[in-house]
Amino acid sequence: MIRRGVSKARTIAAALAASACLTAPALAQGWEPTKPVTLIIPAGTGGGADQMARFIQGLVQKHNLMKQPLIVINKSGGAGAEGFLEMKASANDPHKIAITLSNLFTTPLGTGSPFGWKDMKPVAMLALDQFVLWVNTEAPQKTAKDYVEAVKAGADRQFKMGGTGSKQEDQILTAAVEQQTGGKKFTYVPYAGGGQVAVQLVGKHVDSTVNNPIEAVAQWRAGQLRPLCIFDAKRSTYTAKVTEKEAWSDIPTCKESGLPVEYQMLRGIFTTKNATPAQVNFYVDLMKKVMATPEWHEFMEKGAFNQTFMSGPDYEKWVANADTQHADLMKNAGFLATQ
Amino acid sequence: MDELNALFGGFAVALSAYHIMLMVIGITLGVVIGVLPGLGGANGVAILLPLTFSMPPTSAIILLTSIYWGALFGGAITSILFNIPGEPWSVATTFDGHPMAQNGKADEALVGAFTASFVGAIFAVCLITFLAPVVAKFALKFGPAEFFAVQFLTFASFIGMGRGSAFKTVASMCLGFALASVGLDGVTGTLRMTFGQDELLNGFKFLVAVIGLFGVGEILCSMEDGLKFNGATAKLRMDAVIRTWKQLPKMWLTFLRSCIVGCWMGITPGGATPASFMGYGIAKRLSKNGPNFGKGELEGVVAPETAAHAAGTAALLPMLTLGIPGSPTAAVLLGGLLIWGLQPGPLLFVEQPDFVWGLIASMYLGNVVGLVMVLTCVPAFAAILRVPFSIIAPAIVFICAIGAFTVNNAMFDVWMMLIFGVLGYLFNKLRYPLPPLVLALVLGDQAESSFRQAMLVSQGDVSIFWSNWLCGSIMTLGLVMAFWPTLQTLRAKLTSSGPVARAA
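So the sequence lines, in the order shown, correspond to chains A and B.
So in the numbering used here, the last spot in the first sequence is 470, and the numbers never skip.
So in the numbering used here, the last spot in the second sequence is 512, and the numbers never skip.
Hints are computed from structural coordinates only; laboratory data are not their basis.
Every residue, glycine too, gets a C-beta built ideally from N, C-alpha and C.
Careful, some of the hints might be misleading.
Unchecked claim - So the derived list for chain A, only partly shown, Cβ under 8 Å to chain B, looks like this:
(1) Gln-188
(2) Ala-270
(3) Gln-331
(4) Val-411
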C-alpha cells in the first residue's frame, strides 16, 4: 500500500513538473518544441471544442506527428476567459496553443474580460462549424419560411429558442434571426451544453434550436428532430445519406428558404503573442499533418463541418473581420457588458 | 426475451482474456484516481481517452468504463480512512464512514461501502438491460421545472438532518449558495462577485472546498486531539468481509431505497453526487437507526454508496440512448464514442448491438472483477491507519495540496484549500454542520439555472412548478420534506403541552 502511495505521488510529481516547466520563461526557440506543448481548451469537457482538441491530441499521438507530447487542459472559467487570459499572460511561451470557439469574440464583449484575439497569434483555421435551425418533427412547420411566419403570427416571446450558454453564439444567432421576424422576439432559454439542448427540443420544452450538426444528428436520424435550414452561404458539401432519405446537402440554406441569416463558428488554433514566424510555421505544419489523416476527414464529415483551411494573413484577416461582425451583432442585440 | 439473448451475445464479446485484462488495468487505475483527491474520474478518463483511439471501440469503452468503476469504488477509501472525499459523490460516505474508522471499524466500513457500491451498480445495470427504451422516454419529460423540482427535493430532504440547530443548517447552506454563485452567471452570461479578480472567474470549485473543509479541517482537529488517529489501535482481522456481510441483509430496505433514488438521479440526470446525499438523507429520515446516523452506523455508509453507484451507472443510460451525459465522466466518454465513430443516440442500440451489449455485459463483469479486487485489498487499506500520524498527516496535506492544484492547475486553489481547512476547523469547533454547505456548493448553481430557466419559460409564473403531475408531485414532496422537522416539533409541542394545559 505504501508503495502504491509512492507511485501515485510520483505520477503527480511528474504532472507538476510538467506544468511548472510550462510557466517558466521560454528560451529562444528554433523549429521544434523543446518541451511538452499545452493545448488550452477555453471550454468544458465534452463540448465541441473539447472533442476536437482531444481528437487532435489522439491523432498527434497515434501518427507520431510531434516529438514532444501534446497536453490538453480545459480552462473554461468565466465563459473561457480563464483560458484566454492564460494565453495572454504567457505571451513569451510558444509552447502553448489554444483552440477557439466564438467565445474568443463574445466573452470579452459580454463579460468585459480584458482580452481579445490580438493578444494571441493566429495559427490556422481548422474548420468552420455549422449551425442548423431545428424543430421537433411533430411541429407543423416544414420550412424555415413556415417557421418565421409562425413566429411573426404568434405573440411576442411565445416561441422558445433553446441554446448553449448566454450571450454566446447560440443567443447571438437567435438575435440575428429575430431581425427577420417582424419585431417578434424569442424567449431564449440558455442550457449548459448542446446535447442537453437537443434533448430539450425532443421533449418539447423549447420550440426550436440552432444546434451544431453534431449535437443533433442522432435525434435527426432517429426521426425526432427536423432540420429547417443551415446558416451558411452555400449548402453543405456532404452528399452521403445521413438519415434514410436525406443527406446534409439536402438541407436548404436559410437564405434560400427566406431567412437571410448567415453564421458559422470558428474552430481555429492560436499560439501566444510573441511567437516567431518559425514557431507559428511549426504549428501550421503540424495542423496540416493532422488534417491530412483519414481520421480527420471522417471526423469532419460526421460533424458536417465546413472544411475551410486558412493560415497566415488570410486567416488573420478573417479573424479581424469576424471580430467586427460579432461586435456589431452584440451591440445591436444589447449584449455588451455594462462597464 | 430478446434482451437476454442479446446480453449473452454481449458476454461472448466481453469475456475474453484481453478484455478481462483491460478491466483489471482499468479498475486499478480507477481506484488510484478515485483515491487521489482532485484528479477525479472525468479527468482520469479524459487523460487516457487518446490512448484508446487505436483500440476497437468495444475494448476502448471497456477500459474506460472500468476506470469509471474503479474511481467509484476508490472514492470511498479516503473518505472512510481520513475523512477526505476523493470524489464529490463520496462526501456523504464520510458522515458515517469516518466515525466508523475512528471506532476501529474501518475494515467493516470499507467492506460495507464496496458491497453497497456493487449492489447499486448491478441494480442499475439490470435496469439498463431490460428497461432502457422506456426509461429513455421518461427522461425526455424533464424540462427546467422538473429539474428544479428534483434539486429542491434534494435540498429539502437535507433540512433538519443536522444534529444541531436547524438554523445552523440553514446558515451553512446559505454560505454554500453564496460561494456557488461566484463566477459566471450562466443565465445572463455575465460575471458576478469576482471583484475584478481573474482567479475568481472559475468560482469556488467544489473539490477544492471539500478537500479543505474535510481533509485539512480533519487534520487540524486531529492535531489538537493529540497527533494520532482514533481507531488506529484496532486489531486487524481478516474476517471483515464475512463479519460485515452478516449485517447487511437486514438493511435490504435501505439498499432498495438507495437503488431507486440512485437510478432516478442518474437517469434524470442529477448525477451521483446529489444521489448520494439524497440516499443518505432518506435513509436517515426513514430508517429506524436514523437517530444514530453520523456516529458510525454501517447503514449510513451503505445508503449513500449504493445510491452513488446506482446513479453513476444509470448515468450511462441517457448517454447511450439520448446522447446527453448524466455525469461529467459520461460527458468525456460521450466524446470518446464520437471519436470512435459511434453515434450515441436513439439508434445506437439498433445499429451497434455488438458494442452496446458488449458494454452492458462488461458493466456486469467489470463490477464483479472490481468488487473482488477491492475486497481483497481491504486489510491493506485498513492497515494504512497504523502508519504513525506524524508520517501520514504531512503526506495527506501534501496529496491534498496537489489535488487542489490539479483541479484548475492554479496555485490560487491551494491557498483556497488551506483557507477552507481553517473554515472547516472553525465549523467543527462551533458545531456548524458542513454537509449543507457542501451540498449547496455542488447543487447551488444547477438549481439556480434550472429555476431561472423555468422562470424564463413561464414568463415569471411560479405555478409552472405545479403545471403537471410529475413536477407538481416532486415539488409537493419536497415541501413536505422541508417542513417535516417543523411539523414534528409542532406535534411534539402539542402533545406535551396537552397534559400541561390540563394540569393548569
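Tested hints:
no.	hint	verdict
1	Gln-188	holds, 5 Å
2	Ala-270	violated, 15 Å
3	Gln-331	holds, 7 Å
4	Val-411	violated, 24 Å
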